[in-house]
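As they're listed, the protein sequences go chains A and B. All letters in the first sequence, in the order written, are residues 844 to 1078 by the numbering used here. All letters in the second sequence, in the order written, are residues 844 to 1078 by the numbering used here.
Worth double-checking, as some hints may not be accurate.
Taking lysine to aspartate or glutamate and the DMTMM-like style, the derived pairs with C-alpha atoms no more than 25 Å apart in a straight line are [stated by the list, open to error]:
| # | chain 1 | residue 1 | chain 2 | residue 2 |
| --- | --- | --- | --- | --- |
| 1 | B | 1011 | A | 866 |
| 2 | A | 1026 | B | 892 |
| 3 | B | 1011 | A | 1069 |
| 4 | A | 1011 | B | 1067 |
| 5 | A | 908 | A | 867 |
| 6 | A | 944 | B | 990 |
In case anyone wonders, no lab produced these hints; they're calculated from the structure. Since the structure is predicted, the reported quantities are computational estimates derived from the model, not experimental observations.
Listed below, chain by chain, are the residues.
Protein chains: 2
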Amino acid sequence: MKNILIASTSTIHGSGYLEYILDELAMFFKDTQEILFIPYARPSGISHDNYTKTAQTAFSKINKKVNGIHTYENPVIAIEKAKGIFVGGGNTFVLIHMLYKNGLIGVLNKTVTNGTPYLGTSAGSNICGLNIKTTNDMPIVYPPSFDALKLVPFNINPHFLEPESNSKHMGESRETRIKEFHKFNTQPVVGLREGSWLHVKSDAITLRGNLTARIFEVNKTPYEIDPEIDISHLK
Amino acid sequence: MKNILIASTSTIHGSGYLEYILDELAMFFKDTQEILFIPYARPSGISHDNYTKTAQTAFSKINKKVNGIHTYENPVIAIEKAKGIFVGGGNTFVLIHMLYKNGLIGVLNKTVTNGTPYLGTSAGSNICGLNIKTTNDMPIVYPPSFDALKLVPFNINPHFLEPESNSKHMGESRETRIKEFHKFNTQPVVGLREGSWLHVKSDAITLRGNLTARIFEVNKTPYEIDPEIDISHLK
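In isolation and in its complexed conformation, chain A is listed as follows (with noise of 0.2 Å):
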């Protein structure tokens, strides 16, 4: 039975890393007390050590014990055995190059389908998805694929905002950039605004947080959902 967090962002303004969820995470993860931690997406491209240290200290806090995967011989084998998975923001593509180089995809899908509580935030959120094309991130490896865990039958849009309503930039708007993808692709988009999570538990998906989140999908109009609303219709 799938137990998973899908969170928008590890950190809030003005709050410390996972801080905003932390009550949260000591109910998810209730059952085990050692999490294995996938540092792969490797944020401002810090260290696997320095970036697991940095998850051990807010999961200090609920007493958890952190284990980054990278510290294990066989990484396969830390995931079948892990009894709770949280893997940590930062570049999309460097961290899906990583599950495919180390040939995680599988046992990642796999291991979290059949029950092992599983954490992502932002990147490893987007990867949740059915493949990587709504990421924010930039392209700096060129991974063997797109595709994604396919935990749930849409995207993610980690990061979502509006745009700047008095800005001279050119660039385009997250919603151009989303309807663009709906140009070529059909699956449905969650733009998870910071602070937001997603539930899924069996087959249930249920917004989580104070905010609404927007969804995107083909050929429709976006439109706004409330939390506490089940979402596992999209696909």
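Following the hints, put chain B in place on chain A, whose structure we already have.
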């Protein structure tokens, strides 16, 4: 002898399509009345025909005829015979995917290296660099490679901008993204602000327009260069 304009954007705030650079383009394309337009980047997913009309409307003001490459039976021959080439902006992934699909990377590189004037804006500028790994665009299609035309010995970041100083958004700034790029890649990146362009003329590469550009070299503090500075030493 190379003759290339690499523009950050087609359009600056409060001005029409290509309007800010039309006088320059009249000079740049002075030896031809016809321009081959490559509309593959499809901004907002518009059709090749409609995008070509947009380009034609602008170029009509300097008495040039615009021919969309999609109207030719053989796009390779269209490029070889062109007297001037314009690759418009839109989505860099869609653009490079179509160039690979139609087998045009090699012939574009050769034709432009041999002296056919080439104008790129935004995505059309991105592809002048070594690869597209510093595009700002959403990866809405999976291209067979991120390698680009390699017409200059560095990468381009168009629409370059500073972070919003009062933003509460936790997504990465442009500068953070380029720093992440340099954890995995070594070539310099030229951050071109909207209204700036590079003019490649034989071996010289000169910044043009009224604004400075920001240069990112691996293991160096980023720095600004002034207009009229030659940056052909960057590699």
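Hint by hint, here is what the structure shows:
{"no.": "1", "hint": "B:1011 x A:866", "result": "holds, 23 Å"}
{"no.": "2", "hint": "A:1026 x B:892", "result": "holds, 16 Å"}
{"no.": "3", "hint": "B:1011 x A:1069", "result": "holds, 22 Å"}
{"no.": "4", "hint": "A:1011 x B:1067", "result": "holds, 21 Å"}
{"no.": "5", "hint": "A:908 x A:867", "result": "holds, 17 Å"}
{"no.": "6", "hint": "A:944 x B:990", "result": "holds, 20 Å"}
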